[in-house]
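Participant: Construct the complete structure from the given sequences, taking the supplied hints into account.
So the protein sequences, as listed, match chains A and B. 694 is the number that UniProt numbering gives to position 694 of the first sequence; each next residue is one higher, with no gaps. 416 is the number that UniProt numbering gives to position 416 of the second sequence; each next residue is one higher, with no gaps.
You may find that some hints are simply not true.
Note: identical chains are not told apart, hence a pair may lie in one copy or across any two.
Result set (PhoX-like, lysine-lysine): computed pairs, CA atoms no more than 25 Å apart in a straight line [to be verified]:
1) K240 <-> K769
2) K200 <-> K371
3) K240 <-> K503
4) K239 <-> K97
5) K214 <-> K189
6) K564 <-> K371
7) K421 <-> K776
8) K285 <-> K769
9) K189 <-> K97
Calculated from the structure, these hints are not laboratory results.
There are 2 protein chains.
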Amino acid sequence: MAPVGGALWRQLCAHQVYGANTNVGKTVVSTVLCNGALRHPSARKVGFLKPVSTGPLDEADYRHIERFSPGTLQKGLYQFDEPVSPHIAAQSKTIPKDDEILTGVHTTLTKWADDGIKFALVETAGGVHSPGPNGNSQADLYRPLRLPVVLVGDSRLGGISSSISAFESLLIRGYDVHTVLLFEDDYYKNHEYLRTYFEKRGIPLLSLPQPPEKPPVEDADALARDEEALAAYYESVSKKSDIQGLLDDLSTKNTQRVDRLSSMAERAHNVIWYPFTQHQGMTAKDISVIDSAYDDYFQTYKPDSAQASNAGAGVLKPTFDGSASWWTQGLGHGNPELSLTAAYAAGRYGHVMFAGTVHEPALSLAESLIKAHENPRLGKVFYSDNGSTGMEVAVKMGLRASCARYGWDGSEEQISILGLKGSYHGDTIGVMDCSEPSTYNKKVEWYRGRGYWFDFPQIKMSQGMWHVEVPEELKEALGPNLEFPTLDSIFNLEERVNSDAAKRYRSYIQSTIEDLVAKEGKKFGALIMEPIILGAGGMLFADPLFQYTLTQVTRSNPQLFSPKAPSPSTTSWSGLPVIFDEVFTGLYRLGRRTAASFLGLHPDITVNAKLLTGGLLPLCTTMASNEIFDAFSSPEKSDALLHGHSYTAHAIGCTVAQKSLQTMMDMEQTGQWNPYQADWTSASSPAAHTKPEDAIWSSWSHGLVRDLSFAHSVEGLFAIGTVLSITLRDESGKGGSLRSFPLPTRRNYLRHFNSSLGYTSTAAQGLQKRLAVTGKPYGVHSRVLGNVIYLMASVTSKPESLREIEGLLREALL
Amino acid sequence: MAPVGGALWRQLCAHQVYGANTNVGKTVVSTVLCNGALRHPSARKVGFLKPVSTGPLDEADYRHIERFSPGTLQKGLYQFDEPVSPHIAAQSKTIPKDDEILTGVHTTLTKWADDGIKFALVETAGGVHSPGPNGNSQADLYRPLRLPVVLVGDSRLGGISSSISAFESLLIRGYDVHTVLLFEDDYYKNHEYLRTYFEKRGIPLLSLPQPPEKPPVEDADALARDEEALAAYYESVSKKSDIQGLLDDLSTKNTQRVDRLSSMAERAHNVIWYPFTQHQGMTAKDISVIDSAYDDYFQTYKPDSAQASNAGAGVLKPTFDGSASWWTQGLGHGNPELSLTAAYAAGRYGHVMFAGTVHEPALSLAESLIKAHENPRLGKVFYSDNGSTGMEVAVKMGLRASCARYGWDGSEEQISILGLKGSYHGDTIGVMDCSEPSTYNKKVEWYRGRGYWFDFPQIKMSQGMWHVEVPEELKEALGPNLEFPTLDSIFNLEERVNSDAAKRYRSYIQSTIEDLVAKEGKKFGALIMEPIILGAGGMLFADPLFQYTLTQVTRSNPQLFSPKAPSPSTTSWSGLPVIFDEVFTGLYRLGRRTAASFLGLHPDITVNAKLLTGGLLPLCTTMASNEIFDAFSSPEKSDALLHGHSYTAHAIGCTVAQKSLQTMMDMEQTGQWNPYQADWTSASSPAAHTKPEDAIWSSWSHGLVRDLSFAHSVEGLFAIGTVLSITLRDESGKGGSLRSFPLPTRRNYLRHFNSSLGYTSTAAQGLQKRLAVTGKPYGVHSRVLGNVIYLMASVTSKPESLREIEGLLREALL
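Facilitator: Rendered as structure tokens:
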């Protein structure tokens, strides 16, 4: 099913009518507004849409509009016979899917806009949380359209409360309430209290006289009198100046919203300093304006909608968030459960300082994470705000532990990091220094790189086979490229560890370290790796055997690093503290709770961020073994770990993270990803010594990966978990990964540039553009890394949604 | 008014009964539960409290319980005669303040717990948002007690919606809903839908048979029959096993909550690695367990409540958040407007990646901040996650600008920072290196300090007078200590700039820089200062004349820094880019929108965090001039500013920040701080060349500061804005500020240690303990910095609340 666009048109002022409760007078209010619009000096064409109606009750509503607002164009989409709540009526009928209802509403409004209708109302059924046909509440069902809201308040006893609660339920879902209307009741005076309440929040409230009371239905004369009275009521109310003023206001708000969207790129270009962006040559046109987001999609402003003579052109276009918003998204944008969870924590705590205190979310999350990691080494959790700060903490931990054990004075000598080429651990200066230097680093005033970074073999599929590609200059040491039938067989370390390749890896790693330490006198303080995929370096898929071997050599040969080293240990840290940077790869990004589990390794320190909060807000955890923790234990307070941020372990972040982790673990437990797993398992050879639950899988289909691997323009690709990464051949026909190009200022900065660097392939950029502007009413927002284009799903992405995107890829590449 | 404690007792299981709407049957449900509890095998004593009741309607409720649950102890606190909503009834009567109502409820429940009552219900009036006597809604009014909730759902048409919305309104305010009850309606079947809904969220729902219908009131016989029918209804329902099961469940939840609180310190001690904390010697007892927070108060677990033979001992104690949660709090803990704002942003966007895109909150906040700063230099806003990362960005900006202008190659030469001693800019390694080294830094493996840090004169009050204290070793250069009658006169820079002191400052600063550059060959890349107060360094109140002069010398003498420097300029950066770290001092922390305004200076780069989000969650802005921005402009993408975090400009943070900024600016505009200002203005001499709106003020009373300045144990103190800082004499009788002690590892780490270092005074610690455990049912959670103890208010703190805390200080010190 194609995604639906946000419902916004320049010429058509459309609103959704929500009720604070059932029977608060939505239809009367709608009739007043439609009548008012018909009488408006601008002689508007008016539409009234009731997407889902149930039985005689709603039929009456329908007739009501027909009778009392005869000029209004009316439409219904789905009709249930029984006069009950749609979710009950629906039990006995073919149920339209929520997506179909949304598409129906969007299509209708588009046609109306095209037909010159200027004012439209879309009426909901019942109150804001009354269930729709599939059981989702009105507010959840219609959220992807995010129509601005006309809220009909409740004038009865108790109506203050239900009106405010309904308003809050709408707010939590990111709706903009443009006005509140309700009837005047001189006894309860809800409208007075609510007027103050809503005006304080910038929302005008209009109170209407009570409509004439309904007579008993049996009496025909009375009915006629009722009709007359009602007609007189509408006649008098609809032309009142405050109704006309309100309609002007609604129309102005619609125009202002569109104007604001159309001005935002220019204004942003004026005041925003973007991360990792060269602003020279950048124009306002290069900035995508995001109105809102839902599930996997942004609602993006279409600049061409401004001038379009075609009034039906919607202002917003659904755009697949192909970078998962810099790899953060897990549970979808605008997830109401996460919003509520965040709000609960804010309401219960706000923020509570976190030194010498504890609160439930910080504690529960720490305990849950330790349990979830199934790494017997991890005993302590340190909180910070993002992956970069969390890695700074990890580095401080690692250096202290090794300096303490080996008796080095870190303030006198340079203690270095052992890592991989193309690594990236964040943008603060301390961890920037833990990634390798480059030919361009003289441009950067603050870089003081310290370390040694191994080059390594990489995995990708091409021509239908999986390959381990060894860098040219390492072939002598590490052996030739290897070919495997399945990804599972590459991860069969139990078998591969006895291979020739493994022997060569071991010997190469060991002799390199020996040389660095013995000949160059280097002192290493920690081994740092992004397990499996080095993301920012260009989606480098490391041969797991190499990462495994590097860790094992480090741990089995502690004397490599210092003569003072105790004998190797398999339970305590040995050789060097091993730090896994799972900021990107952890917490189900690759389909598993930890990336370490692919390697069967237990790091001494692990850092998580990005998916930790399901994609909502910044939080980071650095987990460490009790042994590392003990390295800071001393009678001197000044020996403590010198790190902390004001919002350390902020309650909102911890609460949302706990909820996200639990949700993702529940999804794993209840087999939510079974369809994806089945797709990959069936494609795999049955053998490969892999337990079915350990099989590698991706939410991108195996068929897509195989088919694209034969495409002329594709040099190689892979998919694992939610990540799909495609390396394109560059125009010169010279394939080769990003690694074969000269390094830019810092390799990792490629992550952030939405373009290649001139000397890299422009093929990825070309594909990026084709995916952004398709022949369809939706597109893909993606990021490229040199000649690599990648797409990333959420863990909640639905197969049908991803297959839609895969279709675009196939069209572009096959 | 003394603050009220959270309502929690070990022996008493107390709940608050909220209604999804008016007339949903709260009283019937309460009667069922009270009856059930009376019949419970444990033969409970039961209490029913209706704090505020209105007229005959509620009298009927009262009689209802009396009649149908005769063993239940009943109590009302406030009674209004008219049968209308309390907020209307209250218009014609003396209105109890919300605080009085809360205290009344707490006192009653305490007494009941003391009397051995095991089960109590506190009934609200109307729905969750029905207004209380002062216009605040039920849910807002009772929030400080945070009683767990029994929610009575609505079984009528529309009741699904109103029940869920009511539930959401409670969640947003941090309430725990323990159960939902509602009547069975076989037609609408709300209970079925809602049971699924709530059980998914771990909340049991119990449906009750409908009570017998009420007969018309006029008929005495019918009334009697009604009574009988009702009695039979209660008889049959109350003894049902599911009611008894529910009561057991409620009781278990109460016990579990207390048990959890009592176990949390131990568990935290086991798994949490605290920031800036030496864990050796730390025990679980040193950890405060925070149940929740509201306004300026934590609700802290009282460990002694566990063993108390006194059943009335509450488990929670209100504790003033004296460090404003590490200086972050602005709009109070648990602020429902901020919760809603956060939820709205989460619902509308989740998180949206921020490179080449823009969304409304990020743009609006950027524009608002630029406007609010009234600094014509600032043109661009760069977002990051916390003060430390924002300062890293500022440093990268400053170094680039100066290297570009002066033709330095930052990768070859050390470019240094000019700053002040005792400065602190965050804990990431890059900005740690921008603060001065210390005698202990050999312990830190990663420190590579680069810069020169000026010592400077400090401000404090002692013996009723304001002093400028010049460091002993600088007296020769800077002149003697000075005395001023008012703080305003110290800030009268217009006058002071012509003083002898100013001349000496100028000449000292200029010659020092000359020596550093000419003789030592140092190259400086930026001037970095925390204007007015250097917080983490020990609440050092810098003489504004010194900071002003340092900036002016830097800007007026650019040739000091490089022969290539162009002539001085007053509009573009000159000499060095001037970076103000307003992370702590900005955004009304000192009573003004910017700390720079006290100095009348316009920095080239300004960093804000902490109060930016009103105290809710991490966000940071680094604002810079267009000129600094242009230093990164180049045809090379690799010349761009290399910085960015995944959650850069996250929508929740930006939306909350925009709301906070607007709220605080509105408070300023509408004179919310007038009482504080009046207190300080009246104490000031009327002259002092200060415009009234420029007068210095504090939310801590001038009288307190003056009185304490005579206290024997006080060496000096000051208050400005929301900050009160007291330097205590140490035990040896040797006064002197923190500055006179040897520097610890890094001076700034003192901020984080909740104790002195052995060689510093223990007086502050002693005072800290006295404030924590007072003779009152509430205490103060404070932080000390060596021999300095400080207290910090929110911008929303009420005078009567702060005077209460001042009373504790007076008791302890006078």
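Participant: Under a CA distance limit of 25 Å, which applies to K189 and K97: within one copy, between copies, both, or neither?
Facilitator: For K189 and K97, the Cα distance is within 25 Å only across copies (23 Å; inside one copy 41 Å).
Participant: I want to check one pair: K564 and K371. Are their C-alpha atoms no more than 25 Å apart within a copy, between two copies, both, or neither?
Facilitator: Answer is neither: 34 Å inside a copy and 60 Å across each miss the 25 Å cutoff.
Participant: Tell me, please, which holds for K239 and K97 at an alpha-carbon limit of 25 Å: within, between, both or neither?
Facilitator: Neither way: K239 and K97 sit 39 Å apart in one copy and 44 Å across, limit 25 Å.
Participant: Classify it for me, K240 with K769: is the Cα-Cα distance of at most 25 Å met within a copy, between copies, both or neither?
Facilitator: Classified as neither; 52 Å inside a copy, 67 Å across copies.
Participant: With 25 Å as the alpha-carbon cut-off, assign the pair K421 and K776 to within, between, both or neither.
Facilitator: Result: close neither inside a copy nor across copies, 40 Å intra and 61 Å inter.
Participant: 25 Å Cα cut-off: does K285 pair with K769 within a copy, between copies, both or neither?
Facilitator: within (14 Å within a copy, 60 Å between copies)
Participant: Given a CA cutoff of 25 Å, do K200 and K371 count as a within-copy pair, a between-copy pair, both, or neither?
Facilitator: between (47 Å within a copy, 23 Å between copies)
Participant: Should K214 paired with K189 be assigned to within, between, both, or neither, using CA atoms and 25 Å as the limit?
Facilitator: within (21 Å within a copy, 27 Å between copies)
Participant: Under a CA distance limit of 25 Å, which applies to K240 and K503: within one copy, between copies, both, or neither?
Facilitator: neither (88 Å within a copy, 72 Å between copies)
Violation of the numbered hints given earlier is confined to hints 1, 3, 4, 6 and 7; the remaining hints are satisfied by the structure.
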